[in-house]
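Participant: Here are the chains, one letter per residue:
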Amino acid sequence: MSFTNPFLPSTSRPGHGTVHLALLPPNTPVLQTVTYQYPLKLIAPEPLHLPAHPSHPTTPGPLIHTLFLLTYGGGLVAGDTISLTLTLAPTTRLVLLTQGATKIFKTPSPALVSRQLTHTTLAPASALCYLPDPVQPFADAAVSLSAIYDLESPGGDTPAASLCVLDWVSEGRRARGERWSFHAYRSRNEVWAVDVRTGRRRLLLRDNQVLDRWATGTLSGRAATHPATTHSEELAGRMDGLGVFGTLILRGPVFEGLGEAFMREFEALPRIGGRKWEDDAPSPTKLSALEAQRAARRKQEAGDGVVWSAARVRGFVLVKFGAREVEGARRWVRGMIGSEGSVAREFGEGALLCLK
Amino acid sequence: MTSTNDDQQSLQNEIASLERKLRDAKARLTTDAPLAPSTPANDVALHALLLLSDSALPLGSFAFSSGLESYLAHHRPSPPTASQVPSFHTFLRLSLSTLASTALPYVLAAYREPEKIETLDNDFDASTPCTVARRASVTQGRALLAIWDRSFRSHYTESSKANGHAVGLDSLTSFQALIRSASSAEDGFQRNAHLAPLWGLTTRILQVPLHDAAYLFLFSHARTVISAAVRASVLGPYQAQGVLASQDLQERIRSLVEEMWERKVEDAGQTVPVMDLWVGRHEKLYSRIFNS
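Chains as they are written, first to last, in this note's numbering: chain R, 474 to 829; chain P, 1338 to 1629.
The following block holds chain P by itself, in its conformation from the complex (with noise of 0.2 Å):
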């Protein structure tokens, strides 16, 4: 009886041992199949979309709620206790199509024709009416060339050049030389540098690709209106997470760069008149914690 028992025994242990041989080797076949030879595909690309899209980026964006402020003062829940989610998601699709269709051609524009800096700049700020919004796009413009200055300039400049982006880099360079001298500028014509079309042009010497750089204009434009709902006590920080992770604003961001691909500046404009309303009386309000 005994040896039986020990005979069993034996088997089970060498079932046991055959079965954990098994189960290495096929865990060794299904890590080992996908595991592909690392492609450095693009990520010259993804690491600028990194630096770009981080919220540690000095742009001074957090100072902006692009209006949300003064629409939620100007929408008031009717019972004081109700909650302010659903006119903030109203304020937030608003937003993104105003943003979209007035900025975004020149984003597009300037990555494509970085020669035409200058005149982009101009006309952008001859089609923004309101000095509020006037103001957080240059803040934001001249924080991001003052960033390309001590960060990234060194490590770019190379690069570009070898990658052809030689006429981005030129442009970007005597542009920064217009700004410098725009006291003394003897048309009268002030330079601005504004966000959008320095976007366009920043992330073309950066390399990133232009459907990334338009998705993510658009999606830093989400994160920092979703991150002043937050300051504003709209929303809490999950929820916002939430918001910014959802499909709905995904979507939202796809068509809207599609819908302005091949939208010319000259066509660009305001979707939403009402929004500049709400920009323009910010200045009106009791109390602020914005710029915008």
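Chain R extracted, bound-state conformation (with noise of 0.2 Å):
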């Protein structure tokens, strides 16, 4: 005689979580599956519906679902290995959050390392707004952080999917002296262009930061030959008086005007080395709003230590950006994406939670 199981098999691993946000027809997108383990833990508030688009005032505005990625202790302790595969189905749109810094604890051996490994997967169409916290490696810390982003190939109309994705990391805890005193911080972002038919996969970014305290090569020869010494050598010395570190990635048609906005402000950035004359210049009395913004942002970088850089790469726009503090980072993201305002009249304003 046999026997069936009437329960599901259970599928949960420790630190393993699925999320698959779905589209009912004819275009309600439905979190579908949220599932997740200790350590990981995900909530997921209410839908927010965006206004009407000014020009079709009839059809509702598109359903925003937003997911809060935490972990127990708001960060990952060493060992933890935290894998979180998300789907987002054609249209749908997703915005990632966290609640604070995600804080990395000291490790009792360097090879003991946590991890998070995030695999995502975007139907054409689908928009990931993805501006969490950084992360705050605390001193004597091992981390490992990779995120692979799948780009499903759009067929025929379809727009591609788009992509906001920000990656920042700090030097620790400032106020106990804690300045990029960690193991190791590795980082890894990847984009893939995936032809569904085929499922040919080809790389389209790879972003890896290899933050090691003891990597040979950038050690001084006395420094190398004498580790004792090199405490000024190691990271810190690495990154050139700098408390936080960023990335930004952006992709698509729904982050076209934003990625526009930050190759605009680049280009517009006064040469290096060149006189400053607006500082003797009298007080400007008709700059544009424009100006007036840019003038203001410009002071508010040159106080907070600000150092930025915008390319065009492959269809993506990458923005590389460092700054003393991370409240001066802060200042600075939110200050680019709130004042181009896409982010918050697509998403809303809850996108920017993290940057508040």
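Read the hints as simulated data drawn from the structure, not as lab findings.
Accuracy of the hints is not assured; some may be wrong.
Stated by the list, open to error - List time: in silico DMTMM-like cross-link candidates among lysine to aspartate or glutamate, alpha-carbon distance up to 25 Å:
1) P/K1601 x R/D640
2) R/K579 x P/D1604
3) P/K1453 x R/D630
4) P/K1601 x R/E663
5) R/K576 x P/D1604
6) P/K1621 x R/D668
Unchecked claim - Here are a few chain R residues that sit away from chain P, every Cβ distance over 10 Å (derived from the structure):
7) H489
8) P518
9) E519
10) P583
11) L585
12) V586
13) R652
14) L676
15) L678
16) N681
17) Q682
18) R737
19) P743
20) R787
21) R803
22) G808
Claimed, not checked - Derived contacts from chain P toward chain R, CB cut-off under 8 Å, selection only:
23) E1455
24) N1459
25) A1577
26) L1581
27) R1618
28) S1624
Cβ atoms here follow ideal geometry from the backbone N, Cα and C, with glycine treated the same way.
Two chains, two separate frames, one set of hints: put the complex together.
Facilitator: In structure tokens, the structure reads:
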């Protein structure tokens, strides 16, 4: 006599999470699956109805789902592994957020590495907006973060998927004198184009940061042979006085305007090493609103020690930035994304929560 | 008395001539012994190595400072007369580390698996986040291809085939064909011809041992940066040769090659994040003498 177990086998494993944002016909996005296991925790508040587009006042605006990515203890303890799989159906939109910096706690041995792996599959015309708080590795922490984004190739007239990902890391607990004093921080962001029919994958972008305290090649000759004397030669020396460093990755039609704005502002930066005429010029009287805004932002940038660059690369706009402190960087990112305005318009104000 | 004097004189002459003979014999002995028969051990590799390390090799490297110019603009000495030499040394160290961690794995991979050149070129392009660095890498990569085409190909085709490097040769030929048809690339992906993977492939065809190829890749970069420093008036020409000859640089290159020897290309990454900022902001300099 055969016996069938009436319960589905449990598929959940520690630290694993699965999210499937599906499309209920005709066009209602629903979070079909949200599962997670300790120490990972996912919270999905009520989805947000965006106001209707002014040009089509009768059709309701898109429904935006939000997901908070949390861990017990507010971070990763040595040896923790979190593995999250996200799937976005065509035309759906997801906002990913965190609640405070992801803390990486001290590890007893550099070989015991905490890991966070996310694998996101974006169907054509879907959009992901991921503007989290920074990662904060404490002294003697070791962590490896890996985020893979698969963009399914659009067929016919369907627009491509859109992606906005912020990845930033801070020097640790500055108040406790921690300055890039962790063992290792590795962060990988990869974006792949996936041909659904053939299954062929092609790498579009790989952004790997490898911050190892003991990378030998970076030490000076004296330091390499006398490891005890290397404190100033370690990571902190490589970071050139910055307390936070980040990368913003933008792609797709939804973020086209935002990418354009970053490129425009980068082009408009004053030349480095040129004479700063505006300093001794009499107070400007007829600056346009844009110029006034720029001038204010530049003043802020100078005050916060913000250094940044933007580049258009293989269909992406890649922004790299550094600042003396997290708050300065936060202010800068919020200012840039906020003044352009499309993220709040397309995803709601909530998408900028971690930048507040 | 006279006869004794004469005797003395002739004795002394004899002693002198004997001593000279002894000295000649000794000299012959010492020069003969190490004059082992000339061993043509690996002069094919040596010759190729010399070709590639020649600063007259038209790679156009002189046009690039790899971020040095921008770095110096971001680190003006506080009294403007202070020496920039210490900050140059810091930059050289960080620049070599960056190049080794981002590009060297691609050199090694293209040498070891030449048939993957197209994927390596694409992945390297995907991993180069900054337009200025990409421009420098592609310009030099294409220049290397041109040198191969116009100068080396006819002399190395036969010998590489004979030495079992046909795979490398075929890969290079088909990659070149791809590049020529790049404008009509139907999948919308451009082939770029980055220096790092092509360096690996070319050195394999020229039969340079892998370790030497990797060492020379880093050495050439150091030489380019140092020569840029001379032209940017940071170092004097003798000082520059001194840096290039230094034990410190030798050990650094050796240890970087060691460290990256088994690094997979997927794990190649930026060890000095600010380097991307400096190189990327080169375009924002008020005045420039270099292309990167």
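Participant: Against this structure, judge whether each hint is valid.
Facilitator: Evaluation of the provided hints:
Restraint check for P/K1601 and R/D640: the C-alpha separation of about 23 Å stays at or below 25 Å, so the hint holds. Distance check on the hinted pair: R/K579 and P/D1604 sit about 24 Å apart at the alpha-carbon level, within 25 Å; holds. Between the alpha carbons of P/K1453 and R/D630 the distance comes to roughly 33 Å, so the proposed pair goes past 25 Å and is violated. Restraint check for P/K1601 and R/E663: the C-alpha separation of about 15 Å stays at or below 25 Å, so the hint holds.
For the hint linking R/K576 to P/D1604, the alpha-carbon distance of about 24 Å falls within 25 Å, and the restraint holds. Among the hinted pairs, P/K1621 with R/D668 is inconsistent with the structure: their alpha-carbon atoms are about 38 Å apart, more than 25 Å. A cut-off of 10 Å between C-beta atoms confirms that R/H489 is not in contact with chain P; the least separation is 23 Å. Listed as a non-interface residue, R/P518 keeps its Cβ farther than 10 Å from every Cβ of chain P; the least gap is roughly 34 Å.
Consistency note on R/E519: stated as away from chain P, and its beta-carbon is indeed over 10 Å from all of that chain's, at 37 Å minimum. Under the 10 Å C-beta cut-off, the non-interface status given to R/P583 relative to chain P holds; the minimum distance is some 16 Å. Distance check for R/L585 against chain P: the nearest CB is about 19 Å away, which clears 10 Å, and the non-interface claim stands. Once the 10 Å rule is applied to beta carbons, R/V586 is consistent with being away from chain P; the minimum gap is 13 Å.
Once the 10 Å rule is applied to beta carbons, R/R652 is consistent with being away from chain P; the minimum gap is 14 Å. A beta-carbon of chain P comes within 10 Å of the beta-carbon of R/L676; the shortest separation is about 5 Å. Listed as outside the interface, R/L678 is inconsistent with that label: its C-beta sits roughly 5 Å from the nearest C-beta of chain P, within the 10 Å cut-off. Chain P draws R/N681 into its interface by the beta-carbon criterion, the shortest separation being 3 Å against a cut-off of 10 Å.
Remark: the non-interface label on R/Q682 conflicts with the geometry, its nearest Cβ contact in chain P lying 5 Å away (cut-off 10 Å). With a closest Cβ-Cβ approach of about 14 Å to chain P, R/R737 is found to remain outside the 10 Å limit, as its non-interface label requires. Listed as outside the interface, R/P743 is inconsistent with that label: its C-beta sits roughly 8 Å from the nearest C-beta of chain P, within the 10 Å cut-off. In this structure R/R787 is not separated from chain P by more than 10 Å, as the shortest Cβ-Cβ distance comes to only about 7 Å.
For R/R803, the shortest C-beta to C-beta distance to chain P comes to about 18 Å, beyond the 10 Å cut-off, and the non-interface label holds. In this structure R/G808 is separated from chain P by more than 10 Å, as the shortest Cβ-Cβ distance comes to about 18 Å. The criterion of a C-beta within 8 Å of any C-beta in chain R is not met by P/E1455, whose closest approach is roughly 11 Å, and the hint is violated. At a threshold of 8 Å, the smallest CB-CB gap from P/N1459 to chain R is about 6 Å, leaving the interface hint in force.
About 17 Å separates the beta-carbon of P/A1577 from the nearest beta-carbon of chain R, more than 8 Å, and the hint is not met. Evaluation of the P/L1581 hint against chain R yields a violated restraint, the C-beta minimum of about 14 Å exceeding 8 Å. For P/R1618, the interface hint holds, the least distance from its beta-carbon to any beta-carbon of chain R being 5 Å, beneath 8 Å. Hint status for P/S1624 relative to chain R: holds, with the closest Cβ pair at about 7 Å, below 8 Å.
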